[in-house]
Amino acid sequence: MALLDDPRAAGRPAVLSDTISRAAYRIASAIMEWHSDRRTRKALLELSPEELDDIGLTRADLDKMLRRTGY
Numbered sequence: 001m002a003l004l005d006d007p008r009a010a011g012r013p014a015v016l017s018d019t020i021s022r023a024a025y026r027i028a029s030a031i032m033e034w035h036s037d038r039r040t041r042k043a044l045l046e047l048s049p050e051e052l053d054d055i056g057l058t059r060a061d062l063d064k065m066l067r068r069t070g071y
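In this text, residue positions in the sequence shown follow UniProt numbering: the first is 1, and each later residue adds one.
Read the hints as simulated data drawn from the structure, not as lab findings.
Among the hints, erroneous ones may be present.
Cβ-Cβ distance ranges computed for the label pairs, FRET-style [as the list claims (entries may be wrong)]: (1) Val15 <-> Gly70: 49 to 55 angstroms; (2) Leu62 <-> Ala28: 26 to 32 angstroms; (3) Ile27 <-> Ser48: 35 to 41 angstroms; (4) Thr58 <-> Met32: 26 to 32 angstroms; (5) Met65 <-> Ala24: 25 to 31 angstroms.
Ideal Cβ positions, reconstructed from N, Cα and C, are used throughout, including at glycine.
Take the sequences, apply the hints, and build the full model.
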């Protein structure tokens with residue numbers, strides 16, 4: 001019963017819940033960002049050399065980008 005009477009214990013579940021919510025949000029955000037980056041990389045890899053030139057990139061630029069991102 002002492003635990004229920006302790007005013008410090010009352011806020012702990014809310015703090016834990018908030019911590020878990022923030023962690024879940026960060027994980028979900030990271031997954032969405034990774035997925036967006038993956039779609040961008042895939043789209044760039046499908047472009048022809050002429051299309052890449054139109055946007056100011058070369059195949060070598062893509063290779064460098066992919067090496068940096070570990071793709």
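Taking the hints in turn, this is what the structure says about them:
no.	hint	verdict
1	Val15 <-> Gly70: 49 to 55 angstroms	36 angstroms, violated
2	Leu62 <-> Ala28: 26 to 32 angstroms	28 angstroms, holds
3	Ile27 <-> Ser48: 35 to 41 angstroms	37 angstroms, holds
4	Thr58 <-> Met32: 26 to 32 angstroms	29 angstroms, holds
5	Met65 <-> Ala24: 25 to 31 angstroms	30 angstroms, holds
Consistency with the previously given hints fails for number 1 only.
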